[in-house]
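> This is what each chain is made of:
6 protein chains.
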Amino acid sequence: MRKVWFNGDIVPESEAKLSIYDSALMFGDMVFEMTRSFNKIQFKLKEHIDRLFVSIKYVHIPFKYSEYDIHNAVNEVVKENDPYFKDNDEHRIMINVSRGILPIYREVEEVGTNVIISDFPLRWTVAGMGELFNTGIDMVIPSQRSIPARYLEPKIKSRSRLHLQIANIEVSKYSGSNNWALLLDDNGFITEGTGDNFFIIKDEKIITPEGRNILRGISRAYIFELAKQLRLECIEKNIEPFDVYEADEAFITATPFCILPVATLNKRIIGKQFRIVINRIVINNLIYQWSENVGVDIVKQIKEWDKENKKEECTSPYQFKG
Amino acid sequence: MRKVWFNGDIVPESEAKLSIYDSALMFGDMVFEMTRSFNKIQFKLKEHIDRLFVSIKYVHIPFKYSEYDIHNAVNEVVKENDPYFKDNDEHRIMINVSRGILPIYREVEEVGTNVIISDFPLRWTVAGMGELFNTGIDMVIPSQRSIPARYLEPKIKSRSRLHLQIANIEVSKYSGSNNWALLLDDNGFITEGTGDNFFIIKDEKIITPEGRNILRGISRAYIFELAKQLRLECIEKNIEPFDVYEADEAFITATPFCILPVATLNKRIIGKQFRIVINRIVINNLIYQWSENVGVDIVKQIKEWDKENKKEECTSPYQFKG
Amino acid sequence: MRKVWFNGDIVPESEAKLSIYDSALMFGDMVFEMTRSFNKIQFKLKEHIDRLFVSIKYVHIPFKYSEYDIHNAVNEVVKENDPYFKDNDEHRIMINVSRGILPIYREVEEVGTNVIISDFPLRWTVAGMGELFNTGIDMVIPSQRSIPARYLEPKIKSRSRLHLQIANIEVSKYSGSNNWALLLDDNGFITEGTGDNFFIIKDEKIITPEGRNILRGISRAYIFELAKQLRLECIEKNIEPFDVYEADEAFITATPFCILPVATLNKRIIGKQFRIVINRIVINNLIYQWSENVGVDIVKQIKEWDKENKKEECTSPYQFKG
Amino acid sequence: MRKVWFNGDIVPESEAKLSIYDSALMFGDMVFEMTRSFNKIQFKLKEHIDRLFVSIKYVHIPFKYSEYDIHNAVNEVVKENDPYFKDNDEHRIMINVSRGILPIYREVEEVGTNVIISDFPLRWTVAGMGELFNTGIDMVIPSQRSIPARYLEPKIKSRSRLHLQIANIEVSKYSGSNNWALLLDDNGFITEGTGDNFFIIKDEKIITPEGRNILRGISRAYIFELAKQLRLECIEKNIEPFDVYEADEAFITATPFCILPVATLNKRIIGKQFRIVINRIVINNLIYQWSENVGVDIVKQIKEWDKENKKEECTSPYQFKG
Amino acid sequence: MRKVWFNGDIVPESEAKLSIYDSALMFGDMVFEMTRSFNKIQFKLKEHIDRLFVSIKYVHIPFKYSEYDIHNAVNEVVKENDPYFKDNDEHRIMINVSRGILPIYREVEEVGTNVIISDFPLRWTVAGMGELFNTGIDMVIPSQRSIPARYLEPKIKSRSRLHLQIANIEVSKYSGSNNWALLLDDNGFITEGTGDNFFIIKDEKIITPEGRNILRGISRAYIFELAKQLRLECIEKNIEPFDVYEADEAFITATPFCILPVATLNKRIIGKQFRIVINRIVINNLIYQWSENVGVDIVKQIKEWDKENKKEECTSPYQFKG
Amino acid sequence: MRKVWFNGDIVPESEAKLSIYDSALMFGDMVFEMTRSFNKIQFKLKEHIDRLFVSIKYVHIPFKYSEYDIHNAVNEVVKENDPYFKDNDEHRIMINVSRGILPIYREVEEVGTNVIISDFPLRWTVAGMGELFNTGIDMVIPSQRSIPARYLEPKIKSRSRLHLQIANIEVSKYSGSNNWALLLDDNGFITEGTGDNFFIIKDEKIITPEGRNILRGISRAYIFELAKQLRLECIEKNIEPFDVYEADEAFITATPFCILPVATLNKRIIGKQFRIVINRIVINNLIYQWSENVGVDIVKQIKEWDKENKKEECTSPYQFKG
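Residue numbers (the numbering used here), protein chains in the order written: chain W, 10 to 331; chain B, 10 to 331; chain C, 10 to 331; chain S, 10 to 331; chain U, 10 to 331; chain A, 10 to 331.
Don't take each hint at face value.
[Said to hold, decoys possible] The calculated label-pair distances, taken between Cβ atoms and stated as ranges, are:
hint: 1; chain 1: U; residue 1: K214; chain 2: C; residue 2: G304; range: 52 to 60 Å
hint: 2; chain 1: S; residue 1: K211; chain 2: U; residue 2: K88; range: 54 to 62 Å
hint: 3; chain 1: A; residue 1: I278; chain 2: W; residue 2: E245; range: 23 to 31 Å
hint: 4; chain 1: S; residue 1: S184; chain 2: U; residue 2: V120; range: 46 to 54 Å
hint: 5; chain 1: U; residue 1: V120; chain 2: A; residue 2: N84; range: 27 to 35 Å
hint: 6; chain 1: W; residue 1: T122; chain 2: B; residue 2: K95; range: 28 to 36 Å
hint: 7; chain 1: A; residue 1: N84; chain 2: B; residue 2: K211; range: 53 to 61 Å
hint: 8; chain 1: U; residue 1: K49; chain 2: C; residue 2: T122; range: 52 to 60 Å
hint: 9; chain 1: W; residue 1: T122; chain 2: B; residue 2: V63; range: 33 to 41 Å
Because the hints were derived from the structure by calculation, they are not lab data. Glycine included, each C-beta is placed from N, C-alpha and C at the ideal position.
Construct the complete structure from the given sequences, taking the supplied hints into account.
This is the structure we're talking about:
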């Protein structure tokens, strides 16, 4: 059975739980990171841990571990769990850091920071997504806006984000079975999906919203690296829905699936309508280069898992049927 | 040992935990209520349960229980736990409703709504507060603003509220040991504390912010009832810090302590400075009437618990040392 | 054939056209009113004409007619057209006032204000709506917000309102065939539909948004009159979606159909879910009283037209298939 | 007599009209383009048609023509009309695309998209402007703000723009006979005139507002081309009135007159006050280069038309006497 | 020669000066009040002094005097100066309270609060206004907005208000010689003039903006008293320019002239245009009642001063020729 | 005794005063500049005078002097005062330009612009700051926001800035004796201190807020020059508190002390916590280069003045004990 690292101990996954008196549950007062491996090697682990430490500093959680300690703990968890994984599985790691039980409940449980590192097969997260690399996803702008950073800092990866669930619920009410939310901020600028960053391509230039009212994703940062490799310009800029309607291509990024093409925004086809085949030249190049760099054919791997799972369901990882 | 009601079962309090894969922990996606008793009789239980059901409807959590079911479950928990309570204790009930584990983690645990009803002595929450009925509290307006309702609905009692912890941390950095946060919205109107509603009194009129960017507290609603009893006018109105500096008295309300007087806002004394003794005529009448109505001397009870606990600490229930 | 009143002349309806060089087409620079009759008697004609004159004053259109002139012109048009109407028809009047051709195009056509008064059967507008009095409509909050009055005055009934079409298109993409848009303003307050005003009923009190970022409808004003007749309280107040979810009933008003019940908002049922039959006591009283006052059974009339037309289509009057 | 292209037919200009039941008149629901020729050759026609197609896509108007079809239609109209034009005239083309009559009025007229392409002498639009190339225009910031793009997309060239007429009316009330409106957005950034884009020059750098709350003019884009030719830097940047007061030169661009210098903003002279002669080095170079590129002396041509017309009036093309 | 009260001493008016190193001049860090007399009796002096003390508290200026002390000081100044006043003069008192010289400049002058009470003939302030009671004033909404209270509290009467001068300058550029500024806030609500409060009358109801982004004038408060005397309803409500165009009458209030009628807003006549004589029934009643109450014919007094001064100039007291 | 230049005359410093009827005191209607010398040579005097002239133009103060005149006047004041300065003193010049007495008070004093140029030892301003170059300062974000430029232009150096005093008072209430305010704008972007500009350094890149809601400081501009000398990139960009928590170093600039390191923001240490010695490599290089360029060891000079003054007080130059 899978194990988790809990405040320094290795315990069964079934014990990866927190008390209802924990600040994590009382206030959404928990920061976290989620990673993935390629060929069982963690990708950009240092970047994830660095961001975790900024999150911890931001919310003033007392913390006794170093970056180095967390790095080792992740490796320990992977080693512990790998026997329970299939050969073609990848390790998806989740690191949770909570402030611990509120002082007034100290009779129930010991006060102090809780750190939990868990590990599960990436295929859970991307189940049914293989086909989306062909069809692209349908993005919809819900009435729910991104919470501006001055009210709640999205650059901190925290658990206080019910509004993203509300956005997911909202777009699930649209006609069509494959709707993903794309949020706007209070200026009408595009921000991000409910777990992914957004890009457009216009005249071979790759454009993504400024790193303001969004989580500055690690996959997002990697697109800048790939663009450099491919000698493409990649910039941050405020963009609005209008810019998407004028764009040639659009895609999202996230750790589990890396890159997914976007077919439509608000039911308007992205790219020129009269083309029989919608060309996704830049997107395909990015996916190809990423696969090359990590030694895994990203699309093929996900499609194979789908075949093994015989799973038809094809949804956003955060979507649910309300 | 204390027990909790967990999806229909009575289990030990130590099992009142949720998986890290529960939507409650992944998204702050949990709604809740907290009540108190007077002489061991739950106060305004119906109002709390009604609000819980609006919260559940708002976030689209599938729910199979009726208001009646929850009412009975609360009573069952109280009965179960009373033997572990002292005679002069009061029951503080917490009802948590979570959407349950995200579907992609269904291998770890069964999918489905989680309902947990727990019960603990109210004295935990109000420990050290007795003296505050004399001194009043010091409120401070932090830089952190209330999240406007259009981004995240505060009238829903949800766990997605890290920003309130940030506000608490911020005011704990002010000089003085007894600072409570009082938030403004984006228009500069006063909203609420991080777990309490705010009132001023001006020319014998009781004024509280409109029910917009706040939780519409059940104690807040009760002030309107008390005012009627005392033949005082009580109204909702946008108020700004300036109005507080012009006010005669100010206080906050919350379920655990009912009413606490506010001595200062941003280090400016509320009421006329030249009075040797600061008069709190209306506040005292409200506390007196409330105590009469419920058959418990609210202030005396808390002071007695303090005496028994020999506890000097005197802080906001949500405060912590960062 | 139907006729229109065009700058003082009676001409065939087919000539009720404006040049592409008219300011009405160049800038949406035209104000208007639309009325209806009950038993062929115009309803609240004076109020419509008064509002028209405020609109004209607001946009500085030079105007040579008096309120009295317009009143007579309306009557003239009705008289002229009645022979072409069925006995059970009602007259829907539209009064358009445009600034006329832009001066630089004066070679094409004479410069000067254009006034057109047309008349057509009300049954066109309400076709297929009969069933909606039973089922209620489904309102959806689109991402498109109301334009705040400080940018474009909605209290002026002008033709510059493409954003309302955008809102209609947006909600037509939701699942379900009967979606009507309900807009929010930049504070998240409910404003209005794309051609109707919105009301909720809570504890027998009728509540409608403040007359700020909305057209102050004449049917809306009539609800205040009806409420007085029925001894119900009717007030203006900022309301948010949360308030609708807590409400007992909800409805919209507009000149053609008077009152329509709202069944859901954002797919959440309005009123208590556990009721088998959704009670609409106040709404039904309002419709009954209105019908009494004007001597026409409003619902029955529309259902009869539907029967005559054998029309199944059941949509918002402004909706279309994009 | 001049002709127009109307849904594929060539008809007299006097028939270039739309029914009052057309969505164009009901909702300002029409998109358009206006071009000009140099030496009777259309300038940047492809860019205008491309933008038209984005507008059509944005407002979801069903459209059966290709870009190529529209291109041909424009040429057909020009050819048809040229005999009615003087030798030294230029062709100003207007392409209007409306959604057509609302479905409920289908008895009045056939439902379906309306496309009208008209053609008239450019001299109408620029009448009396010759002198402005010497004196510059006086810009005034009205109280009316630009509608932010999140409410109504200004990058779509639509007819729903009454607020621009309101701005024109407002500045016509200022003292002085030659006031043109310059609008601000809700952040206080300069956006555009009521039919023109705005530029400043500071230290030989050409600066224009970011392409956000404005129409991204085709003349505006051409300035970037000219700047490249002249080896001048040209950038997009948020600018405020303060920046204009510090600037060396300022000008506006629009299709009919290409470039006009701005003499004052809010009655403050632009550029250093102590210079007897106000130097407009960069502006003059831009006009010169533009004239060179198109083979027409832009200023001279307009001045000659003025001479022929003996027209003294010297106003904004959108201005009128309220 | 006139005298002033300066930190407890009576000194010549020519010494009523502050060092350039005083916080008043360095930061606009001075609060103040200005009063007037009727028949040489100060009007509402208590209310002015009370407001002064709230201002002092708000800006944390250390202050050693009581309300009583200031009251006496005012009387002392009046007594001292009366011999230099004409019999038909009124005393206009100005009380200035500055924080004093910044500590780093303590070598230049002694550190400490500065209090200056001066006294001059009211006729200076109202010179040339007599005619305005007949013609009414022309109000214009400038592009300059009121600073929202959350940035700078207008309910404090402070000297930090350059933006009001900017507004005055702006409206002086409009055509017409008698323009007074009327400001909007960031929501487009009417706030106040640059030294006066604004009222409209609609259907015999007196309406004035909510006391939020304005100075809550003492004359404004007196209108509520007068309305009670006259059995008229007087309420606070958000109003927009549209409401003014629909209003029957409009006026402003300020201490020196009490009430002035408003003839136009943005060059649109207030009240029905077709009336030959513009009726100002409510305004006239208010002026009459005010005069009765204070034993001075307010209008006649100002007109007599004008006659004595043979002064034609007729302007806002804050206006200047820029 | 020190002298000032007052409207062309040299008068004693004790006469550097303005009447309470001066527009400077009535409206905060005065613009100004403050400079410093290095080795008694004025630094960037031209830039200060240029900015002064833009301020004068902006507020429409009639002004008869040229830039050249003011330059000479400054030199005259310095020459006049140098005998009263110590050898190791530096000259701090303050130039004040006021619109003069309001016209209605013309009996009290002559109407007309007032210009005052004063001169005092820089050591007054920087007293006690020597130690701050070692410890760094503690910056705190107050609840008070910067006034957005659209309400009051901060790029004009005017005296209407009470809100900055309010911010100073607010941060003086925090625990710790060395708190300096750092303001945010309404978007949550960092703007400036109450008399200083803010910079961060991240990966050797120097970043400062865009020149929008700030005074564009002359020391701030000089950092760009120094960065060029040191071959460091220096850019303007919107930054938020999050960016500061991620930064390597942070500092402020102002004319008197040039550069001061920032140790903490909101009690969070800037830079990596685990470093025993906090490295300020870039800051130290900037200070070193500045000192080299002007021939004065900036830090040493201030520390020596501290030694001479035996002054321990170490505060913001604008701070005071409220």
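> Are the hints correct? Go through all of them and say.
Now the hints, each set against the structure:
1. U:K214 <-> C:G304: 52 to 60 Å: Violated - the Cβ-Cβ distance for U:K214 and C:G304, about 33 Å, lies outside 52 to 60 Å.
2. S:K211 <-> U:K88: 54 to 62 Å: holds (60 Å)
3. A:I278 <-> W:E245: 23 to 31 Å: holds (28 Å)
4. S:S184 <-> U:V120: 46 to 54 Å: holds (48 Å)
5. U:V120 <-> A:N84: 27 to 35 Å: Holds, at about 31 Å.
6. W:T122 <-> B:K95: 28 to 36 Å: holds (32 Å)
7. A:N84 <-> B:K211: 53 to 61 Å: holds (58 Å)
8. U:K49 <-> C:T122: 52 to 60 Å: Cβ of U:K49 to Cβ of C:T122: about 57 Å, so the range 52 to 60 Å holds.
9. W:T122 <-> B:V63: 33 to 41 Å: holds (34 Å)
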